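Each chain sits in its own coordinate frame; assemble them with the hints.
One line per chain: the protein sequences are A and B, in this order. Just so you know, we're using this note's numbering here: the first sequence kicks off at 1 and counts up by one. Just so you know, we're using this note's numbering here: the second sequence kicks off at 1001 and counts up by one.
The hints are simulated quantities; they were obtained by calculation from the structure and are not laboratory data. Some clues are possibly wrong.
Stated by the list, open to error - Within a straight-line C-alpha distance of at most 16 Å, the following computed EDC-like cross-link-like pairs (lysine to aspartate or glutamate) qualify: (1) 1058/B / 95/A; (2) 1059/B / 95/A; (3) 1059/B / 86/A; (4) 1104/B / 1141/B; (5) 11/A / 1021/B; (6) 75/A / 1021/B; (7) 1436/B / 1470/B; (8) 78/A / 1021/B; (9) 1056/B / 121/A.
Stated by the list, open to error - Beta-carbon label-pair distances, calculated as ranges: (10) 1267/B / 48/A: 48 to 56 Å; (11) 35/A / 1183/B: 31 to 39 Å; (12) 54/A / 1127/B: 21 to 29 Å; (13) 3/A / 1321/B: 52 to 60 Å; (14) 1022/B / 65/A: 52 to 60 Å; (15) 54/A / 1299/B: 38 to 46 Å; (16) 65/A / 1234/B: 52 to 60 Å; (17) 1234/B / 3/A: 53 to 61 Å; (18) 1043/B / 48/A: 20 to 28 Å; (19) 60/A / 1061/B: 20 to 28 Å; (20) 31/A / 1142/B: 22 to 30 Å; (21) 1267/B / 82/A: 22 to 30 Å; (22) 48/A / 1344/B: 35 to 43 Å; (23) 1043/B / 92/A: 20 to 28 Å.
If you're wondering where the values come from, they're calculated on a predicted model, not measured in any experiment. Glycine included, each C-beta is placed from N, C-alpha and C at the ideal position.
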Amino acid sequence: MEESYAQALWKVIQAGTPAHKAVQGLTETLRAHGRISLSPRIAKAFARIAERESAHIGAVLTVAREKDQHHAHTKVVKMLADMGVEVKDLKTEVDDTLIGGWRLEGRGTLIDASYKKHLLDIFSSVTGA
Amino acid sequence: MDSSAIEKIIKEIEQFTPSHESAHVGRVTQVGDGVVAIDGLSKAVMSEIVIFEEGKGKKLSDAMQQQGELYGLILNLEEDGVRATILGDSARVSEGMTVKSTGKVLSVPSGEELLGRVVNALGEPVDGKGPFKNTTMMPVERQSYGVIDRKHVSVPLQTGIKAIDALIPVGRGQRELIIGDRGTGKTTVAIDAIINQRNEPEATRPICIYVAIGQKESKTARLVQQLREEGAMDYTIVVDAPASAPAALLFLAPFSGVAIGEYFMDKGRDVLIIYDDLSKQATAYRQLSLLLRRPPGREAYPGDIFYLHSRLLERAARLSEEKGGGSITALPIIETQEGDVSAYIPTNVISITDGQMFLTTDLFNKGIRPAIDVGISVSRVGGDAQTKAMKGVAGGLKLELAQFRDLEAFMQFASDLDKATADRIASGQRMVEVLKQKNGAPIPMEKQVAALFAANNKFFLDVPVNKVSETEVQFVAFLDAQYKTTLAEIKKTGLLSDDSKKAITTAMGEFRLAHPEVFTAAK
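Chain B with its partners taken away, still in its complex shape (with noise of 0.2 Å):
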């Protein structure tokens, strides 16, 4: 031990007061399943949080051993007693256990300090870069504003996905459901939403938060790894309650997410907020009411799983300019299984949320990536929020899309249509693969404009299908080297002027006189 430690130490001793403070305790009657029966507590809380008291009959040395306090959440009171979930390690609790109150309910830190790193579900740090200095503490639970402290949604959350900001366009403080089968992408494009963050100026870039629920440790770190080579950690910060950690963490996992963003959100800055996913939080609250003894209801969850959600979901806002202005984005995931939309938890989210992405494994195992069926796919609110350009350049995408799809039965059929038709569904085919999009590669605003601009235009339409998404990469990196003006003038000003639309054109002309080899489809 260093010499600084060692008078540390002393200082401490001689600065020690010895307290007498009185404790209200209860006993542990009962542990199983993570969750304890609690004899005594009789003033405590709800949602109070409760320390086990592991060093009695301990020696010091034992005592000091112990890694760190053991905490848990009041999640019944009873006639005489109360039920608690464990906050950890179950085995560590034991039957006559002392259970300390503490009279506050849970909170989690928050702060600058808390960007680029990886928080549990209690906030405390587990990615090895130390603890937490100057944080400030929010409640888990908190009543979300009411109508008068919020506005409504009008400035745009740029996801940088063509189909999304072109057709289900997300605005700051909307709540915007991505439903899907396993497998088929949905938190690809919640991440790609955070990447595109990094395109966006610094004064207003959103404070992301991922909140891994119930996920494998490896993808997290895979995710957490690909966030930190596209150099979006620094204004992320990721929640974790792995598959392995007790079902109180995963249930707890998205409130403490929120929690930490509404310290954002306070100081007038902009979140946005992944939960991925809330069947698995359902899950976890399933398990924990069962073993809470809560009578099951619907597909065995508790009666107030609605309630779960939609408290949740309603700390998503935008908050008025006398509150500061900030806001909270939330992107909530929800797993289907086989598609079905019907079910319990997703049809209780879709009804909660601004508006659903509907992922489908047809259209993924089609090579349609990100695999949003923009037919079923709505956004209720985002539409205000869509800039000028970008409202006048998918306007008409949508219908466009619908028509294809109406048509899509009669492509086999293909010699025999007339020519309206066949143009109709030739355009179709090359929008689609306009909308198509690697993952990992957001788009900013300014280029989805000039490419949904040249389709449009039906720029694409000479040139092979399978070749349409290669030349819209290379025609945007076109107008990426010779057109920085006129993009840059889309970006500051989010309007598609004349000038813009003529300067477009040009550089449309000029590509096709450049690549005349990618041309090459006949009408």
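Only chain A is shown next, with the shape it has when bound in the complex (with noise of 0.2 Å):
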């Protein structure tokens, strides 16, 4: 039921109704419906539902030490540009266990060049795990 109202919520806002005006709209149909209890949940879904779509929108390049992160940005830049992933869009974290190398995901797109992927790869032909 809250995913119903969050989603419509997000719906009136982006179709360009002023945020405080859709929440006031929301607020007073609860109200009308007995529903108002359903707020706080209705919040909770409306802020995972801006998470998801904010993460549809960037990407995250993840390096295994903060010194890789210049040659990172280097290699990815054309990727970004085919993922439709602006470069301001882009978020950088540092992760130690890939030992090396990079990975990006974003847009619902994966691309691990770590060197933690390539020795588990190697790892798996070579037990065939």
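See the structure below:
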């Protein structure tokens, strides 16, 4: 139930209605239907939608060490363009479990060029795991 | 680590070329009860296999410790994501986990290598005998063959059970339902049918596939052991989806079984597949469907529960010569509650199959085993597949048994009955005894024919009712020892010639002379 309300609120705001107006309208509707107690859950569902949608816009570049960032950036520029992600929307994270290389994830696409992935591929081809 | 393994690793590393292939991914937003909601994967297709990426954030050593890949199967395509079922331990999936699309629909390995092996619903070996090396992947969901590619059922599939082969014959390519309450011997009938295939010539012997759905592991282990002891595992594959497996695997197991069977059918071989049992598969599918939030229908089963079974059983077929002439014979099992065949799932499967053998608790408790109620059991197409010899001896059997059942109620007034009725009852009682059979002891067709020929010719009429079964076994053993050529001729030709009839009649006389102590019942 809360998912549907949150979805509707998101669509109304996306369509250009000012946020405060949309929220006010929703609150009035909920009150009229005796469902005002759903408000906190609708807010949480809305936050989830917002998070999901923002993930659809940007991309995350993960590197093993901070010093690898520059090298990885240069490697992924073309890929970002193919994915339709602007460089300003690229977030960079550090994950030392990658050992080396980089990993780009965004817009429903994953490109994993980390050493860890390559080593795991070798491990599985050798062991048949 | 030995030097050969090290060399192999070095070779692999030298030959390794890192790929930067992009994968289509989504993210787990919700997980519970074996079902996950995945955000993204907008290009996913139904029944596609996805891989849960467990290694993210884990150290290399930890990632290497994982027990193989964890797969999911997409079952719902929704507006802003997909819902999939986890084909393994759902505790390994967490919210936020990346899910990779594979672009492949679920397939299982099949091939000669699987014979004698026990696999799970994903076709992975679970018998500790190591991985498969040379197999062909077969899609779990596949369109069944159309009318043009099929041929009518005309070759018998001998179950080795007299009551079935004589009265409810099964042909290769047929779907014959085994239905009954729990503990009535449904699995025994199916297992006996598998064991009996050892009597078939190797060239035409069907490959047997036993699909255990929601069974206790101990029961499956016992059955495998029995099949092994009888030498039946050489041509049998067991697909095991135990009661402890996730509902998704219980739902998939029959489809995996038939996919494995299709490999052999496509190669022109005959296959016998047992689904033990489809009631449990339906229950598992109901569970999945409810968790996937599909609208519930009658008895809370989803709307496509009929399609679930019809698309599975339609894959049993006898192919035309152009398609290789292979076949899949399906013996699905359905468990009823209190003998209620009018429940939802039993009626569905009855309507899909080409007949049913109905096993009842009453008969079982009376000691009539197999407890098949021949009055309400039917085989709609099997008659065409019966050998002429069997047809000849089984012709009047059903009628005789039906008349006996009508007269059975009068048995308590035995002293007041006229001679014709008393004779009919006496004959019927003995016929019931002749049709009794111990489990795990299937009888080849030629011996069945000989025993039924003798019974039709009132051979057992002078034998006390409680000794008929024993005498019949002895008589068959006598034939086996003294009239081997006659039995071999019946087996070879499938006919009961006049010479064979004469020989069996002579044997009846000889046996009677040799065992006068048995023929003591007053007429």
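A quick look at each hint next to the structure:
For the suggested pair residue 1058/B and residue 95/A, the alpha carbons sit about 10 Å apart, so the restraint of at most 16 Å is met. Only pairs whose Cα atoms come within 16 Å are accepted, and residue 1059/B paired with residue 95/A is accepted, the gap being roughly 10 Å. A threshold of 16 Å between alpha carbons decides the hint, and for residue 1059/B with residue 86/A the separation of about 31 Å lies outside it, so the pair is violated. Our distance criterion of 16 Å between C-alpha atoms is met by residue 1104/B and residue 1141/B, whose separation comes to about 12 Å.
Distance hint between residue 11/A and residue 1021/B is unfulfilled; the C-alpha atoms sit about 35 Å from each other, more than 16 Å. Only pairs whose Cα atoms come within 16 Å are accepted, and residue 75/A paired with residue 1021/B is accepted, the gap being roughly 14 Å. Taken as a hint, the residue 1436/B and residue 1470/B pair is honoured in the structure, with Cα atoms around 10 Å apart against an allowance of 16 Å. Of the pairs offered as hints, the one joining residue 78/A and residue 1021/B holds, with about 14 Å between alpha carbons and a cut-off of 16 Å not exceeded.
With a C-alpha separation of about 14 Å, the suggested pair residue 1056/B and residue 121/A falls inside the 16 Å cut-off, and the hint holds. Remark: the range hint 48 to 56 Å for residue 1267/B to residue 48/A is upheld by a beta-carbon distance near 51 Å. Range check, residue 35/A to residue 1183/B: about 52 Å between beta-carbon atoms, so the 31 to 39 Å window is missed. At roughly 49 Å, the beta-carbon separation of residue 54/A and residue 1127/B lies outside the given 21 to 29 Å, and the hint is violated.
Checked against the hint of 52 to 60 Å, the C-beta distance between residue 3/A and residue 1321/B comes to roughly 56 Å, which is consistent with it. Taking the beta carbon of each, residue 1022/B and residue 65/A are about 23 Å apart, not inside 52 to 60 Å as hinted. Between residue 54/A and residue 1299/B the C-beta distance comes to about 44 Å, which sits within the given range of 38 to 46 Å. For residue 65/A and residue 1234/B, the Cβ-Cβ distance of about 58 Å falls inside the hinted range of 52 to 60 Å, so the restraint holds.
As the Cβ distance of residue 1234/B to residue 3/A is approximately 55 Å, the hint placing it in 53 to 61 Å holds. Range check, residue 1043/B to residue 48/A: Cβ separation about 22 Å, and the 20 to 28 Å hint holds. Between residue 60/A and residue 1061/B, the C-beta spacing of about 25 Å keeps the proposed range 20 to 28 Å intact. The given range of 22 to 30 Å is broken by residue 31/A and residue 1142/B, whose C-beta atoms sit roughly 54 Å from each other.
In this structure the supplied range 22 to 30 Å is violated for residue 1267/B paired with residue 82/A, their Cβ-Cβ distance being about 44 Å. Range check, residue 48/A to residue 1344/B: Cβ separation about 38 Å, and the 35 to 43 Å hint holds. Hint check: residue 1043/B to residue 92/A, Cβ distance near 27 Å, so the stated range 20 to 28 Å holds.
Hints 3, 5, 11, 12, 14, 20, 21 from the list above are not met by this structure, while the remaining hints are.
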